[in-house]
Each structure stands twice: as structure tokens, then as C-alpha cells.
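*Asks:* Same order as they appear, the protein sequences are chains H and G.
One point on numbering: in my numbering, the residue at position 54 of the first sequence is 54, and numbering is uninterrupted.
One point on numbering: in my numbering, the residue at position 5 of the second sequence is 5, and numbering is uninterrupted.
The set of hints was computed from the structure by calculation and includes no laboratory data.
Beta carbons are placed, not taken as given, at the ideal position from N, Cα and C, and that holds for glycine.
Check before you lean on any hint, since a few could be wrong.
Heads up, incomplete: computed chain G residues facing chain H, CB under 8 Å, no partners named [claimed, not checked]:
1. F34
2. T82
3. H85
Ranges of calculated distance between the beta carbons of each label pair, as one might list FRET restraints [stated by the list, open to error]:
4. G:S7 <-> H:L263: 35 to 43 Å
5. G:P32 <-> H:F110: 44 to 52 Å
6. H:D106 <-> G:S4: 46 to 54 Å
7. G:L74 <-> H:T71: 45 to 53 Å
If you want the ones that stay clear, here's a sample from chain H, every Cβ over 10 Å from chain G, calculated [as the list claims (entries may be wrong)]:
8. A8
9. A33
10. T71
11. C75
12. R80
13. R83
14. L88
15. A89
16. H105
17. G134
18. V192
19. L193
20. A244
21. L273
22. I298
23. Q322
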Amino acid sequence: MELLLDIALLALLLITAISIAGIKDLLAAAMLAGIYGLLSAGFFMTMGAVDVAFTEAAVGAGISPLLIVLTLALCGRQQRGDRQRAMLALFLVLPVGALLIVATHDMPAFGAADAPAQMHVAPHYIQQSMAEIGIPNIVTSVLASYRGYDTFGEVVVIFTAGLGVLSLLMRSQGIDEPTVEPAPNAQSRDIVLRVIAKVLIAPIMLYALYVQFHGEYGPGGGFQAGVIFAVGFILYGLVFGLDAVRRVASHGLVQFLSAVGVLIYGSVGLLSLASGKSFLDYSALASNPVSGQHIGIIAIELGVGITVAAVMIMIFYLFAAQLRLQPRGPSLTPDHQGTDAGTAHLASQQQGAG
Amino acid sequence: MIDSLLSGISGLLLGLGCFFMLTGAIGVLRFPDFYTRMHAAGVTDTLATFLIITGLMLTAGWSLALFKLGLILLFIFFTSPTASHALARSAQHCELKLPEQSSASDPRSPTSTESPPPPAMPTETITTLERD
Numbered sequence: 001m002e003l004l005l006d007i008a009l010l011a012l013l014l015i016t017a018i019s020i021a022g023i024k025d026l027l028a029a030a031m032l033a034g035i036y037g038l039l040s041a042g043f044f045m046t047m048g049a050v051d052v053a054f055t056e057a058a059v060g061a062g063i064s065p066l067l068i069v070l071t072l073a074l075c076g077r078q079q080r081g082d083r084q085r086a087m088l089a090l091f092l093v094l095p096v097g098a099l100l101i102v103a104t105h106d107m108p109a110f111g112a113a114d115a116p117a118q119m120h121v122a123p124h125y126i127q128q129s130m131a132e133i134g135i136p137n138i139v140t141s142v143l144a145s146y147r148g149y150d151t152f153g154e155v156v157v158i159f160t161a162g163l164g165v166l167s168l169l170m171r172s173q174g175i176d177e178p179t180v181e182p183a184p185n186a187q188s189r190d191i192v193l194r195v196i197a198k199v200l201i202a203p204i205m206l207y208a209l210y211v212q213f214h215g216e217y218g219p220g221g222g223f224q225a226g227v228i229f230a231v232g233f234i235l236y237g238l239v240f241g242l243d244a245v246r247r248v249a250s251h252g253l254v255q256f257l258s259a260v261g262v263l264i265y266g267s268v269g270l271l272s273l274a275s276g277k278s279f280l281d282y283s284a285l286a287s288n289p290v291s292g293q294h295i296g297i298i299a300i301e302l303g304v305g306i307t308v309a310a311v312m313i314m315i316f317y318l319f320a321a322q323l324r325l326q327p328r329g330p331s332l333t334p335d336h337q338g339t340d341a342g343t344a345h346l347a348s349q350q351q352g353a354g
Numbered sequence: 001m002i003d004s005l006l007s008g009i010s011g012l013l014l015g016l017g018c019f020f021m022l023t024g025a026i027g028v029l030r031f032p033d034f035y036t037r038m039h040a041a042g043v044t045d046t047l048a049t050f051l052i053i054t055g056l057m058l059t060a061g062w063s064l065a066l067f068k069l070g071l072i073l074l075f076i077f078f079t080s081p082t083a084s085h086a087l088a089r090s091a092q093h094c095e096l097k098l099p100e101q102s103s104a105s106d107p108r109s110p111t112s113t114e115s116p117p118p119p120a121m122p123t124e125t126i127t128t129l130e131r132d
């Protein structure tokens with residue numbers, strides 16, 4: 001039964017990947033990318049990697065197709081074909097793929113007890129996590145405490161990506177800010193969308209907070225919570241217009257918060273450094289090492305959540321402001337709504353996993 | 001006794017849900033144009049999800065899972081029809097727009113629903129959804 005499910009999921013993944021490569025219409029490709037994310041989330045689920053599946057569902061199937069669709073709204077949905085470059089890419093991809101397939105022969109079987117990944121530090125994490133960190137979800141204890149340094153790097157990567165988008169689109173932002181003309185179409189006139197959005201935004205935020213603070217006990221954590229929180233804001237922005245959502249959280253505030261998250265994470269590390277332990281060793285934060293770990297994990301997860309949410313909202317602001325500069329921009333809004341309802345679907349589907 | 005009854009009902013609901021899901025998929029593949037396809041997908045999707053989750057709730061028993069499934073049910077109940085509605089509405093804004101007499105099934109506030117002039121909208125937004 002399990003095998004059948006695996007085969008079905010992998011076959012669907014393969015079909016989706018091939019059709020993404022083959023399809024000419026970029027909007028359809030973005031939708032297929034969302035389906036690909038959902039399928040891989042399901043596949044991770046069958047492998048028992050619940051946290052990874054959750055992240056994939058929130059990021060791969062939820063917010064990244066949304067951001068891709070926003071990008072397509074800016075630069076058009078038709079693929080500009082370049083045969084020569086495509087041939088070059090094909091020549092590169094085929095040998096690399098062949099090498100990867102050859103390399104799988106040397107890989108240990110899935111779940112093999114003597115695999116290198118199972119021999120090195122994993123036994124220590126599994127056996128000592130409860131005594132050293134004291135939280136039931138080992139994934140969070142590995143991610144936030146044992147491997148806190150790597151997670152710090154990930155947060156900095158997200159922050160840097162936000163900075164990159166900001167530096168690319170900031171110039172037009174500066175022109176846009178003083179001459180804000182109320183675009184007649186910026187707000188969706190549809191009463192169904194407005195009422196449903198109003199009903200749904202509060203539960204989405206609440207669910208994000210649940211995911212944020214439940215991460216120690218079940219699947220979840222700062223990354224997923226940040227994305228879901230940002231989705232609440234983006235939904236509001238799509239339905240009620242950019243100006244309305246900017247009144248709730250101004251662009252400057254979001255920009256500020258994206259840095260604050262990284263700052264919280266880093267200062268927790270510096271705090272433990274100041275108390276004589278190594279960087280990001282949270283046991284220094286309280287007299288009892290286990291409760292120190294608790295405080296540290298909650299603090300850094302909060303930092304992660306703030307940065308992820310703020311960067312996602314900031315990217316949405318920048319894209320939407322850019323879109324408004326183009327005369328044909330806001331007409332795409334109802335289309336986004338469909339995508340976003342899909343995102344919300346996912347958020348709800350994952351409640352079962354938690 | 002009550003257990004076997006519950007599992008029987010839940011099996012029935014799950015089977016019905018799968019059946020409606022399947023009919024929806026066949027409808028999306030076989031119906032001729034965008035609106036009929038969307039009708040097939042939208043209606044069956046909401047109903048089938050409703051049936052499947054109710055079936056799962058019956059097997060869950062009194063637990064946290066029951067509560068979570070109930071929340072998902074509520075969420076789907078709101079989002080799935082809204083997504084279909086948004087899709088149909090955005091189709092009205094592009095070249096898939098229906099002729100006037102059939103789109104007049106929208107009685108509330110004519111000033112707010114009819115005012116965005118459809119010709120000004122870009123025609124490339126949704127076009128590929130209906131051709132394959």
C-alpha cells in the first residue's frame with residue numbers, strides 16, 4: 001500500500017516536472033509549480049518528514065507560486081523562446097542528470113541503519129535531545145539548538161534576498177510614495193471576496209501564531225509561521241488594495257521588522273557568548289540549562305518568524321507598488337485571489353498534520 | 001455495534017466523496033468550455049471534500065483530530081466556493097466574458113459590480129484556461 005502511494009506520488013511529480021518544462025504559458029507553469037510543491041509535500045509526508053512537508057506546503061505550494069504570479073504580472077506571461085540557449089541547457093542538464101542517477105547506486109538504501117547520516121551525530125540527537133533540550137519535537141531541537149548556526153545562516157539568506165529585491169525595486173518605490181493617486185481599481189469591488197477575506201484573515205493569523213508557538217511540540221516553527229502570517233497580510237492587500245494594507249503595516253515598519261528578526265536571533269547568540277558559553281549555546285541563558293534552551297529556542301523562533309513574515313510582506317509590497325506603476329497592473333487582482341485561496345487551502349490542510 | 005455502524009457510515013461517505021471527486025475530474029476533462037468546467041470542478045470539489053472530511057471525522061472519535069478536521073471543514077467550506085467565485089469573476093473581466101443576459105444573474109448593487117469596464121481589461125489574462 002505504501003509502495004503504491006509512493007509510486008503514484010512520484011509518477012505525478014515526474015509528470016508535473018516534465019509538463020513544467022514543456023509548457024509555453026508561464027502562468028500555467030507557475031500553477032504547475034504550486035502543484036509540484038503540494039505533491040512533494042505529500043511525498044515528504046509519506047516519508048515521515050512532517051516538518052519538511054509543512055514547510056514545503058507553505059513555501060513551495062503556497063507563497064512561491066503567488067510571488068511568481070506577481071512577477072509574471074510585471075513582466076508578461078509569454079515565454080521568450082531562445083532555441084540556442086535551450087539546447088545549451090539541455091546539453092548541461094542531461095549529463096548532470098545521468099551522473100546523479102549513476103550516483104544513486106552508491107547511496108545507502110532509504111532508512112538503512114548503517115547509512116553515514118545515521119552513524120555520525122544523529123544517534124546523539126535522538127538519544128540526548130530530551131535530556132539536553134527537553135522538548136518533544138526533535139526536529140525543532142536539531143534545527144533551533146544543535147544546528148542553530150545553520151538556521152541563523154538560513155534566516156540571513158532570507159533577509160539578504162529581501163534586501164536584494166528591495167535594492168532592485170526601491171528606486172521606483174521612492175517615486176511612487178509621494179504621488180499616491182487612489183487607483184480606482186486597486187481595491188476589489190467584489191463583496192464576496194471582501195467578506196470572505198475579512199472572515200478568514202483572523203483565523204489565518206491565529207493559525208500562524210499557533211504554528212509559531214507550537215513548534216516545540218509538533219510540526220511547525222518560525223519559517224512556516226512567518227509564511228502563513230505573511231499570507232494573511234497579502235490576502236488583505238490583494239482584496240483591499242495596497243494602500244489599505246500599508247495603513248496596517250507601513251512599508252518602513254515591515255522593512256524595520258525584517259532586520260529586527262535577524263537582530264533578535266543574533267543577539268541571543270551574542271548573549272550566550274557574553275555569559276561564557278559558545279555562540280548560540282542557549283544553556284547559558286538561565287541557571288537551569290534545559291530552561292535556558294527553552295528560552296533560547298522560543299526567542300530564535302520568534303526572530304525567524306518575524307524576519308520571514310516581514311520579508312515576504314515586503315516583497316509583496318514592492319511588487320504590488322511596481323505593478324501599480326504599470327497602467328494595466330491592478331486588473332490581475334481577481335486572478336491572484338484564486339491563487340491565494342489555494343494558499344489558504346493549504347494552510348488549512350496542514351492543520352491535520354499538526 | 002455503534003462502532004461498526006459508524007465505520008459503515010464513514011465508509012459510505014468516503015466512497016461517495018471519492019465518487020464526486022471523480023465525476024468532477026471527468027467533468028473538467030470532458031465539458032466543452034470554461035464555465036461548465038469550472039462548474040464541474042467547483043461544485044463537486046466542495047461537496048466531495050465535505051463528504052470525505054465528514055467520513056474521516058466519524059472514524060476519528062472524540063479527539064483533537066476531530067476538532068482539527070472540523071476546522072478544516074469550516075475552512076474549505078469558506079474558501080472553496082470563494083475560489084470558484086473569484087475564478088468565474090476574473091473570467092468575466094477578460095475575453096471569456098459571457099453575453100449580457102446570462103451574466104445578469106448578479107442582482108446586487110449594479111453600480112459596484114458592473115462599473116469596471118471590461119474592454120479596458122487585458123485580454124491575455126485567463127485565455128489558456130479554456131483551450132487545451
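*Asks:* Would you list, in rising numerical order, the hints stated earlier that this structure does not obey?
*Replies:* 1, 4, 7, 18, 19
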